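Protein sequence lines correspond, in order, to chains P and Y. Going by this note's numbering, the letters in the first sequence line up with residues 1 to 114, in that order. Going by this note's numbering, the letters in the second sequence line up with residues 115 to 227, in that order.
Worth flagging that the hints you see were computed from the coordinates, not collected in a lab. What you are looking at is a predicted structure, and each value in this text was computed from that prediction instead of being measured. A couple of the hints might just be wrong.
[Unchecked claim] Heads up, simulated SDA-like pairs for lysine to any residue below, C-alpha to C-alpha not over 25 Å straight-line:
1. Y:Lys117 - P:Ser7
2. Y:Lys184 - Y:Asn172
3. P:Lys71 - P:His104
4. P:Lys9 - Y:Phe161
5. Y:Lys214 - P:Arg44
6. P:Lys9 - P:Lys70
7. Y:Lys214 - P:Leu114
[Claimed, not checked] To give an idea of the chain Y side of the interface with chain P (calculated C-beta under 8 Å), a few residues:
8. Gly147
9. Met159
10. Gly166
11. Lys214
[To be verified] Derived DEER-like restraints, expressed as beta-carbon distance ranges:
12. P:Phe12 - Y:Asn181: 24 to 32 Å
13. P:Arg110 - Y:Ser194: 30 to 38 Å
14. Y:Lys130 - P:Val52: 46 to 54 Å
Just so you know, even glycine gets a beta-carbon here, dropped at the ideal spot from N, CA and C.
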Amino acid sequence: DGGITQSPKYLFRKEGQNVTLSCEQNLNHDAMYWYRQDPGQGLRLIYYSQIVNDFQKGDIAEGYSVSREKKESFPLTVTSAQKNPTAFYLCASASGDRAHQPQHFGDGTRLSIL
Amino acid sequence: AQKITQTQPGMFVQEKEAVTLDCTYDTSDPSYGLFWYKQPSSGEMIFLIYQGSYDQQNATEGRYSLNFQKARKSANLVISASQLGDSAMYFCAMRDDDYKLSFGAGTTVTVRA
Numbered sequence: 001d002g003g004i005t006q007s008p009k010y011l012f013r014k015e016g017q018n019v020t021l022s023c024e025q026n027l028n029h030d031a032m033y034w035y036r037q038d039p040g041q042g043l044r045l046i047y048y049s050q051i052v053n054d055f056q057k058g059d060i061a062e063g064y065s066v067s068r069e070k071k072e073s074f075p076l077t078v079t080s081a082q083k084n085p086t087a088f089y090l091c092a093s094a095s096g097d098r099a100h101q102p103q104h105f106g107d108g109t110r111l112s113i114l
Numbered sequence: 115a116q117k118i119t120q121t122q123p124g125m126f127v128q129e130k131e132a133v134t135l136d137c138t139y140d141t142s143d144p145s146y147g148l149f150w151y152k153q154p155s156s157g158e159m160i161f162l163i164y165q166g167s168y169d170q171q172n173a174t175e176g177r178y179s180l181n182f183q184k185a186r187k188s189a190n191l192v193i194s195a196s197q198l199g200d201s202a203m204y205f206c207a208m209r210d211d212d213y214k215l216s217f218g219a220g221t222t223v224t225v226r227a
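Same shape as in the complex, but just chain P (with noise of 0.2 Å):
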């Protein structure tokens, strides 16, 4: 079945430590973005991309970097400069062509400092 897979689903990080989460989509969808959302409040863009090799800054980019090496995959990487780094962090795709085609989100990672 087509889908968005992110993993891992719960992850701990150490202080100064970096962490990527893994976000893969066999949707053939062009767009792909980051959320965070933290306990009691809606999501925030942390970076988006359009297209493979080019991505953009969301509304939360700081401590925070990605990558889009290929369609299917957009990994999100959690810098130690992420001074507060716990929170729900979900990953969605959207065909890039028809602007009232729905987000599909994956079932998120959960992150936490040690």
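Once you have looked at the hints, place chain Y on chain P.
Frame of chain P; chain Y shown alone:
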């Protein structure tokens, strides 16, 4: 500036009754799309319904309908015949450029038996 406003942090509804979730938006772009998502306690985001700015009719999808009032910049979600499985957080979102979505803060719905 806040693009999407959901003013109801939490709502209770009796099983089998209808509930309306408020959403107002702000954009100067004539072309935009409005989406509602459901987020159960497990965390996944489930797409419910879409309304385009040029659509003449209100969107409906099963028990979900969207009360779209363009002049008031309002896109309220109506859930009819509530079920216990409808208990979740509901988010209104808008896409107006670059295919990015702006999300509201969400409304928690609790369905009582």
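Please list, smallest to largest, the hint numbers that this structure does not respect. 1, 7 and 12
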